[in-house]
Structures are given as C-alpha cells and as structure tokens.
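A.B. asks: Residue 337 in the numbering used here sits at position 274 of the sequence shown; the count goes up by one each step and never skips.
Calculated from the structure, these hints are not laboratory results. Every value quoted in this text rests on a predicted model; they were computed, and no experiment measured them. Cβ coordinates follow ideal geometry from the N, Cα and C atoms, glycine included. A hint or two may mislead.
[What the hints assert, rightly or not] Below, simulated DSS-like cross-link-like pairs (lysine-lysine); rule was C-alpha separation at most 25 Å, straight line:
hint	residue 1	residue 2
1	K81	K218
2	K428	K148
3	K429	K257
4	K183	K214
5	K206	K372
6	K247	K193
7	K327	K247
8	K157	K206
9	K454	K477
10	K428	K477
[Claimed, not checked] Cβ pair distances, simulated, as ranges:
hint	residue 1	residue 2	range
11	P482	P315	31 to 41 Å
12	S363	M483	32 to 42 Å
13	K401	A210	19 to 29 Å
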Amino acid sequence: MQELYRNSSTITWDNLIKDMYSFVGLSPRSISKVWGETHEQLATSDFKTPTRSVHEMTSEYHRQQLLTAANAENLVQRIILGLEKSLSWNILRKHPACIRISGDSITLSLWEWCNEVIIKSSATAYYGHKIFEINPNLLQAMKSWEATNWKFMYKLPEFMARDMINARSEFIDTLCKYFETPEKDRSDALYFVKAMEEEIRAAGLSDREIAGIHMLHLWAITANVYKAAFWAIAHIVHRPELLAQIRAEIAPAMGIDGEAVDLKYLTEDCPRLEAFFNEVLRINSAGALAREVMTPTLFSGKVLAKGTKIMIPYRQLHLDGQAWGPSARDFDAERFLKDKSLTRSQSFRPFGGGHTLCPGRFIAKKSVYTIVALLFSRYDVTLETSTANQKFPRIDDVTAGIGTMAPMPGEDVKLVIEPMKK
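Assemble the whole structure, with the sequences as input and the hints as a guide.
C.D. replies: Given below as structure tokens:
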C-alpha cells in the first residue's frame with residue numbers, strides 16, 4: 064500500500080476528482096483550466112517556472128488553513144465557540160432534536176442533534192453566518208445530500224436519484240448566491256474560502272462553477288465529524304464504567320464552572336480518551352484508497368495497464384483478524400491503550416495516507432473531544448428507558464459511503480439529559 068501512496072505520477076486519483084467536478088457542473092474546458100491543461104500558459108513565478116494548477120492550489124489552501132498554527136487556531140476557536148453555545152442548557156432544551164421536556168430534564172435524539180449542531184457549526188465556521196441567512200433551509204438540503212449521495216457514487220440514472228439531485232441543486236444554488244454576494248457582506252469567511260475563491264475566479268470560472276467546487280469541499284468538511292461524535296457518545300452512554308473513566312480523565316480540562324475547555328489538556332493528557340476515539344474510528348470508518356493507472360506501471364511484481372482502477376477498502380484492513388486479533392470485530396475501548404503502537408499499524412487508516420492524508424484529522428479530533436468533554440462534564444446523561452428495547456444502533460454497512468458510517472436508518476440513541484448537580 065505504501066507503494067500506492069508514494070506513486071503520484073503514474074497512479075493518481077485525478078480522473079476521479081474530474082468526474083466529481085463534472086457532476087457538480089464544471090464544463091470540460093473549466094476542468095481543464097483547473098488542472099492547467101488548457102492552451103493558455105500557467106502564470107509563471109519570478110523564477111520563470113510554472114506555478115501550480117488551481118486544483119493543486121485549492122488543496123494547498125486547505126492544508127494551510129488546517130495545518131498552520133494561526134489559521135488552524137482561528138478555525139478551532141470558531142468551532143469550539145459554536146459547540147459551547149449549542150451545549151448550553153437554554154439552547155439544548157429548545158433544540159429541534161429535543162423530543163420532550165420533563166422538569167429539569169430533556170429527552171434528546173442523539174442522531175438528530177449531531178446532524179443539526181455539528182454540520183451547521185462546521186459550515187458556519189468556514190463560510191460565516193451569511194450562508195444560512197441566504198438559505199435558512201440549507202441544513203435540510205445538506206442532511207438530504209448526506210442521506211442520498213450514495214446514489215451519486217453508484218451513478219444511478221436521474222429518475223432513480225431525484226432526491227439526491229434536488230439536494231445537490233439546492234446545495235449549489237445556495238453557494239452560488241453566496242459567491243454572488245459582495246465580499247464585504249460575507250467578510251467573516253475563513254482564509255481558505257477567500258483564497259480558494261480568488262484562485263478559481265482568476266482561472267475564469269463562473270460563480271456557479273465556484274459554488275460546485277465549494278460544495279465538494281463543504282461535503283468533505285462536514286461528512287464525518289457528526290457521525291464520529293454520534294458513535295463516541297453512543298458507546299460512552301452504553302458503558303457506565305467507561306463513562307465514569309472518561310469523566311474522571313477529562314475533569315482537569317474543565318474550568319471550575321464547566322464552561323471553559325482546556326483543549327491542550329484534552330489532546331495531550333487524556334490517553335484513555337485518545338485510545339477510545341481511535342477505536343471509534345477503527346470500527347466505524349469505511350474510507351478507501353481509490354486510484355487510476357495513467358500509464359503502464361509495475362506494481363507488486365505485475366504490470367498494471369493504463370486505465371486500471373485500484374481500490375483498497377480501509378474497513379477490511381480495520382477488521383482484519385491477522386492485524387487486530389480474534390476480537391477484530393468487537394469494540395474494545397482499551398485496545399489502543401493496551402498497545403499504543405497500533406496507531407502506527409498499516410491496518411489503521413481512518414484518515415487515509417500518503418500525500419492525500421486528511422489534513423482535517425486534527426480538527427476532527429478536537430471537535431469530538433470538545434463535544435464529549437462539554438456534554439459529560441456539564442450534564443448527567445443516561446439512556447432513555449421508556450423506549451422499548453433501546454439497543455445499541457447497528458452500523459449501516461449496506462449503504463455505500465465514504466469515511467465514517469452512519470447508523471442503520473431509523474436506529475438512534477435517545478438520551479435523557481439534565482444539568483449536573485453541583
């Protein structure tokens with residue numbers, strides 16, 4: 064597999080990305096512009112060498128947003144502030160995911176809450192408040208897209224994928240109106256959004272094409288964290304002993320009033336939380352390494368012909384008994400605590416690898432840690448018992464997907480939440 068990660072010249076995923084760009088409305092000529100393949104020469108630097116293509120620069124801007132200290136800290140603070148507000152009692156008890164209120168407690172749909180809060184807070188952190196002012200119903204379109212985008216991956220005909228196409232259209236329509244809005248009216252967007260827009264505009268693409276590209280990026284930004292948070296909370300509330308252990312470990316990271324979060328402590332001094340999070344990713348991830356052979360290439364002793372498609376599903380690696388032992392399919396919250404070297408295993412790929420290693424991995428981790436810390440330090444959280452047979456939700460390993468998997472349709476975790484007694 065390392066050979067595939069290292070070879071980015073004759074085995075690439077460029078055509079897969081081009082197919083996605085076509086799906087969101089880019090013309091063949093615009094796609095060529097993005098890849099620097101048109102007859103127009105790329106701009107040159109002071110050293111008379113071609114600059115990188117728009118496609119390369121959009122990835123670079125995202126890395127700069129997520130991996131440079133100042134930009135990453137700006138994003139983290141935006142997300143954390145949004146989560147802190149969403150987990151305040153006055154907001155929580157009025158949330159649409161709240162099923163009922165009884166005295167000082169509420170009953171909450173965990174799946175709906177994670178969908179609503181985490182997707183919206185991530186989108187707002189990147190694009191500012193204007194995007195939801197333009198379309199207050201955008202969140203519903205994003206949730207619909209999340210539920211139906213498997214039809215895009217299977218390339219179902221239009222008559223079988225109308226719900227997916229409608230969600231895509233509303234998603235792109237909203238972003239198009241966003242980029243038609245004067246910049247001064249959306250000045251709270253992140254560096255990445257502004258830099259990427261400027262780069263794509265310079266290539267001569269339309270507002271709608273800019274919106275299409277941003278739709279794909281916003282999908283990548285929001286697609287996994289809410290599901291990872293759902294599974295993390297679900298596992299904790301179904302395991303009282305684990306809940307007590309996590310609460311004890313995160314306690315020093317919380318302020319006296321439980322309002323502030325010491326993110327440095329959470330990420331550096333909570334080994335049990337980290338091990339637990341890694342196991343959540345191992346059990347629930349369904350990403351894959353997908354590539355296409357561009358020229359005949361020698362790989363593992365065989366010559367792969369041009370056009371050969373390669374796919375390595377990470378889930379098979381994550382559940383491989385040879386790598387993880389006889390309990391490979393079981394959730395073990397202490398697996399990575401007992402053997403810290405497992406995080407370096409070639410069979411552990413929750414964020415991919417090589418030059419396509421997900422740059423958002425640190426933000427995802429901090430987001431889930433913050434949600435867990437705030438929820439379980441501020442509130443007593445238990446399973447709702449009046450629902451008949453509330454079993455642990457099954458993973459939806461039937462519907463095609465990328466990244467973290469959702470629960471089976473209709474399966475949820477109903478929580479009873481009340482403020483922690485001082």
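A.B. asks: Please go over all the hints and tell whether each is borne out by the structure.
C.D. replies: Hint-by-hint comparison with the structure:
no.	hint	verdict
1	K81 - K218	15 Å, holds
2	K428 - K148	19 Å, holds
3	K429 - K257	24 Å, holds
4	K183 - K214	23 Å, holds
5	K206 - K372	30 Å, violated
6	K247 - K193	11 Å, holds
7	K327 - K247	34 Å, violated
8	K157 - K206	20 Å, holds
9	K454 - K477	10 Å, holds
10	K428 - K477	24 Å, holds
11	P482 - P315: 31 to 41 Å	21 Å, violated
12	S363 - M483: 32 to 42 Å	55 Å, violated
13	K401 - A210: 19 to 29 Å	37 Å, violated
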